[in-house]
Amino acid sequence: MTMTFIIDALVTVIGITTPILLAASGELVVEKSGVINLGVEGMMLVGTIAGFAVTFETGNPWLGILVATLAGAAAATIFAVLVLSLGANQVATGLALTIFGIGLSSLIGSNYVGIAIDPLESPFPDALANDSFWRVIFGHSPFVYFAILLVLAIGWFINKTRAGLVLRAVGENDLSAHSIGYPVIAIRYAAVAFGGAIAGIAGADFSMVISPLWAEQMTAGRGWIALALVVFAGWRAGRLLAGAYFFGVLMALELYAKASGHAIFPSQFWAAMPYLIAVIVLALISSRDGKDGKAPACLGKPFIPNG
Amino acid sequence: MTKFTRRDFVKAVGAASALPLLGASAQAAEPFKVGFIFLGPVGDYGWTWAHDKGRREMEAALGGAVKTTYVENVKEDASAIPILRDLARQGNKLIFATSFGYMDQVLEVAKEFPDVKFEHCTGFKRAANVSTYNSRFHEGRAVTGTIAGKVSKSGVIGYLGSFKIPEVVMGVNAFTLAAQAVNPKIQTKLVMIDSWFDPAKETAATETLANLGCDVIATHTDSPAPLQFCQKKGIFGFGQGADMSKFAPKAHLTAIEDIWGPHYTARVKAAIAGTWKSEDFWDGIKEGAVKVSAYNASLAKDAQDAANKVIEGYKAGSYDVFTGPIYDQSGALKVKEGQKMGLGDLATIDWYVKGIQSA
Amino acid sequence: MRLRLEKRLEPSRAMLVLTPVLSVIAIMLLGIIIFDGLGYDGPQAVWELFFTPVLDVYKWRDVASKAAPLIIIALGLSLGNQAKIWNIGAEGQYILGAIGAAGVAFVTQSMTGFWIIPLMILVGMVLGAIYAAVPAVLRTRYGVSEVLSSLMFVYVSLQLLSYLITGPWKDPDGHNFPQTAQLTDAQLLPHELWDSGIPPGLLVALIGAVIFYIIVSRTVFGFSVRAIGEAPHAARYGGFSSNGIVWATLMISGAMAGLAGVLELMQLTRLNLGYPSGYGFTAIIVSLLGRSHPVGVFIAGIVLAITYVGGQVAQTFVHVPNATAGLFQALLLFAILASDLLVRYRIRISTTSPSTKGAHS
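Sequence order for the protein chains is A, B and C.
Following the working numbering, the residues of the first sequence are numbered contiguously, the last one being 307.
Following the working numbering, the residues of the second sequence are numbered contiguously, the last one being 359.
Following the working numbering, the residues of the third sequence are numbered contiguously, the last one being 361.
Just so you know, these hints were derived from the structure itself, not from any lab.
All of these numbers come straight from a predicted model, not from anything done at the bench.
Check before you lean on any hint, since a few could be wrong.
As the list claims (entries may be wrong) - Here chain B is said to cover these stretches of chain C; the calculated rule only asks that three of the stretch's residues, wherever they fall, bring their Cβ under 8 Å from a Cβ of chain B:
(1) 266–279
(2) 309–322
What the hints assert, rightly or not - The list that follows gives simulated cross-link-like pairs (lysine-lysine, DSS-like), each with its CA atoms no further than 30 Å apart:
(3) B:Lys-185 x B:Lys-33
(4) B:Lys-125 x B:Lys-33
(5) B:Lys-277 x B:Lys-309
(6) B:Lys-334 x B:Lys-250
(7) B:Lys-277 x B:Lys-301
(8) B:Lys-125 x C:Lys-84
(9) C:Lys-84 x B:Lys-334
(10) C:Lys-84 x B:Lys-340
(11) B:Lys-277 x B:Lys-334
(12) C:Lys-170 x B:Lys-336
(13) B:Lys-277 x B:Lys-250
(14) B:Lys-125 x B:Lys-309
(15) B:Lys-246 x B:Lys-277
(16) A:Lys-294 x A:Lys-160
(17) B:Lys-336 x B:Lys-354
(18) B:Lys-354 x C:Lys-84
(19) B:Lys-334 x B:Lys-354
(20) B:Lys-286 x B:Lys-336
(21) B:Lys-33 x B:Lys-277
(22) B:Lys-125 x B:Lys-185
(23) C:Lys-84 x A:Lys-294
(24) B:Lys-125 x B:Lys-150
(25) B:Lys-111 x C:Lys-170
(26) B:Lys-75 x C:Lys-84
(27) B:Lys-336 x B:Lys-53
(28) B:Lys-111 x B:Lys-185
(29) C:Lys-170 x A:Lys-301
Virtual Cβ for every residue (Gly too), placed ideally from N, Cα, C.
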């Protein structure tokens, strides 16, 4: 194995990992607040078309990312209004949000089929970005750096800041958080909108970098893998980063195994692996004592302060 | 295609009767109604898009004599049955079902509507009122394989497949055999991604193949994403189903285009004239069902010539990429020297030729 | 002046019936505006979406065959919902049910006998139940949330299906396409009962609704399920431990999803890559819209089926793109989910500045 080969393989892994890492980072914050939003796929799809359409129309990719962020947050806000203000069931609303995202993105996107845009390139100078070695660090799209910084920032926020402590308190015990005087609903609104915004960015990664075009349902189920990743990570940012890259390595391994003629397992086994591993890890973590790595206690449950 | 409201219907009938009609038998005041069901959205820029283009060409060719209706995103499950039934009940006299997974559903509904004619694309079951039709896409792959064999410097070519179904298997076989005909050392690395459409996985698989030394990468999946990657990487690829050169002006050597218009036009005409019979169509380059797009300007003259020779050979009936000797991956002789594989064998093929590396 | 929400002591029965109806009407009006704005004949599109499936006798069996799997799965889920045990993996159990039946079909290909169909149904239900038992083990033994584990297993089941139909169970006469052999006559229920247009699944759904009604309202088990939903921390109800309820509700929902899977397999007549249709996910919405009550579930299943069939009718008649029909369905779901509020709360208009900021402060 040559250095070039390893670097190329790493570049592939980093590319396929990034949108999953992004979407999962957003969902991590949502779930930390005690809300489960199964509409990740839908919000990502809204981001794919928003990012693509705006970049195509204005020629400004940064504006595209901004609008994708806002669009993802807007989609999440629909969910938040239904779930947090109107007390609708989180699971059903999340699934409906996925249907909504697929429909809306397809409707708007029908005007953008068969069009290509220039991919968003590395923000670093060409000398670094195209260098045969240094490109492993500098040769990626801005999404890659953003995703890593974001998940580190989220880890710091959750564990080291007072606001993060409040977020966790809301997710672990909303009633006591409420009784101390924290605005449980407002905090959850913020978390859900944040998760949607990041899912929107993750979607834009698909239509602006990975394959700079738009096509119906181009996220192809990555939203569900992101949900699995949050579980796999045991709701911890550090493990989320490691887990995302582990998933990415698994996906790349499948492709390398096939391309070199050594499948080892049927390809379906590779594809099922992230989900199986997520469940096994969840079982191992959950059977231990202590709180570490377990789901937020209020996850998915409605907040009923006076009932 | 217009919106189908009762008002429009009256207008359409009026317009049709005012137009000079095509053919002697098309004297009915009502246009002949033709239905289509599509697997994907008409805007997928791939399989469904090509069928819809064929539908529009047929409509244009026959003018007011036909009226078409289509339903897109029809799942290959039991829900295709009511949709087919609806189309039949709405007075569509000829219905095209454009994906393999509609096979049983078409046969079931065809039993209920003996007066309605059905055509099922890529299937293998027929009935008195059910025809099948397909294209010899592999002829196009023999052309792109020839070009790949000429262009590849590394001698290692990548091939992205969807599923191990006969159409994909015969495609990669035709591609590889043709490439080996111009460069016997050619090796093809095959990756099946278990999906027809997943741009992110297609990109990652293309990247993987490039990393393993492939400098030309062909695809049998539906999105232009692999081409976009080839463009970025400075390697080459081909369009699939349609000319995709605008996605990758430098990397796009040529494309295999699916042309369904002539078949649709001919069959609708036959149905109007009352000469429609249950048949099995398998058209190729010769019949104009498979077309090779304009070559990239950067493509060397000798590669263009070699490709043109294959095209001319198919047109004249003098060339067939599946002419023996053909060996499978293990080196066993599958087709003897001088023999040709029949369409019947190709339709069920599940082995790869020598030189294909697959998992 | 501001609006204030006040929790009702009892869910409003009037609102329970009224709100879904009002949501549908509101969405119809919105639909007319949206479709007109998009350049379609708005009233006509909405007419086809909502009324054609109901008024056109010919479309009834389409509605019935869409509704049947949704209702059967949702009935099973409704028990768990009442106990606040959330099985999100019904799609996986539905697929396992079909795999079980297809396995029986694979073995009995050259056999005949009245026992084959019941065996297919039995194996399908058992496999569905076993698949749902995995999240039950994980929850009762390891404390793993069934929401997440059951969801993960959906994706595992999709891969299992793909493996079987591309490998060991591939139809030898199927031209190497990834699908199983077509079911034989001895393995198929009639597509419709007594030439009435009623698919067998609808009859099963109807009988199922009655049985579930009896379970919920007349048995100790049904009582325990509801009791545990109200107060999950108490250990035992009427002889049922809370772990026992987890096991029972998950396995019952798995068995029902498996049953739906078997019946749907018999509609499609073989397993192929197109088999997984998402009924298991939509059924979650159905069971919640039906307020986890057998009658409500039955009605909700029909309503959802109408929107599916209507979406397809609107596509063929008014040529509304498929995406619009999906978007419309989502808006309808949002409206019904939102209107839930009115069942549990009343809106009060207060003129004084309230000291409490409402129900969700």
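Review point. Are the Cα positions of Lys-334 (chain B) and Lys-354 (chain B) separated by 30 Å at most?
Key: Measuring from Cα to Cα gives roughly 10 Å; hence the hint holds.
Review point. Is the Cα-Cα distance between Lys-84 (chain C) and Lys-334 (chain B) 30 Å or less?
Key: violated, 61 Å
Point to revise | Pairwise hint evaluation, Lys-309 (chain B) against Lys-125 (chain B), where the allowed Cα distance is 30 Å at most | key: The given pair, whose Cα atoms are some 35 Å apart, is violated under the 30 Å limit.
Point to revise | 8 Å C-beta criterion, at least three residues: is the segment 309–322 of chain C covered by chain B | key: As far as the segment 309–322 of chain C goes, the hint holds, because 10 residues have Cβ atoms under 8 Å from chain B.
Check your understanding: Does Lys-294 (chain A) pair with Lys-160 (chain A) here, judged by a C-alpha cut-off of 30 Å?
Key -> Within the cut-off at roughly 19 Å; holds.
**Study point:** 30 Å limit on alpha-carbon distance, applied to hinted pair Lys-111 (chain B) and Lys-170 (chain C)
**Key:** holds, 26 Å
Check your understanding: Does the alpha-carbon distance linking Lys-354 (chain B) and Lys-84 (chain C) stay inside the 30 Å limit?
Key -> violated, 58 Å
Check your understanding: Within 30 Å, alpha carbon to alpha carbon, are Lys-277 (chain B) and Lys-250 (chain B)?
Key -> Between Lys-277 (chain B) and Lys-250 (chain B) the Cα gap is close to 45 Å, so the pair fails against 30 Å, i.e. violated.
Exercise for review: Verify the proposed pairing of Lys-336 (chain B) with Lys-354 (chain B), using a straight-line Cα cut of 30 Å.
Suggested key: This hinted pair holds, its Cα atoms lying about 14 Å apart.
Check your understanding: Quick one, are Lys-33 (chain B) and Lys-277 (chain B) close enough, alpha carbons at most 30 Å?
Key -> Holds. Lys-33 (chain B) to Lys-277 (chain B) sits at ~18 Å (cutoff 30 Å).
Review point. Within a Cα-Cα threshold of 30 Å, do Lys-336 (chain B) and Lys-53 (chain B) meet the stated pairing?
Key: violated, 40 Å
Exercise for review: Take the C-alpha atoms of Lys-246 (chain B) and Lys-277 (chain B), compute the straight-line distance between them, and say whether it is at most 30 Å.
Suggested key: violated, 40 Å
When held up to the earlier numbered hints, the structure conflicts with 3, 5, 6, 7, 8, 9, 10, 11, 13, 14, 15, 18, 22, 24, 26, 27, 28, 29 and fits the remainder.
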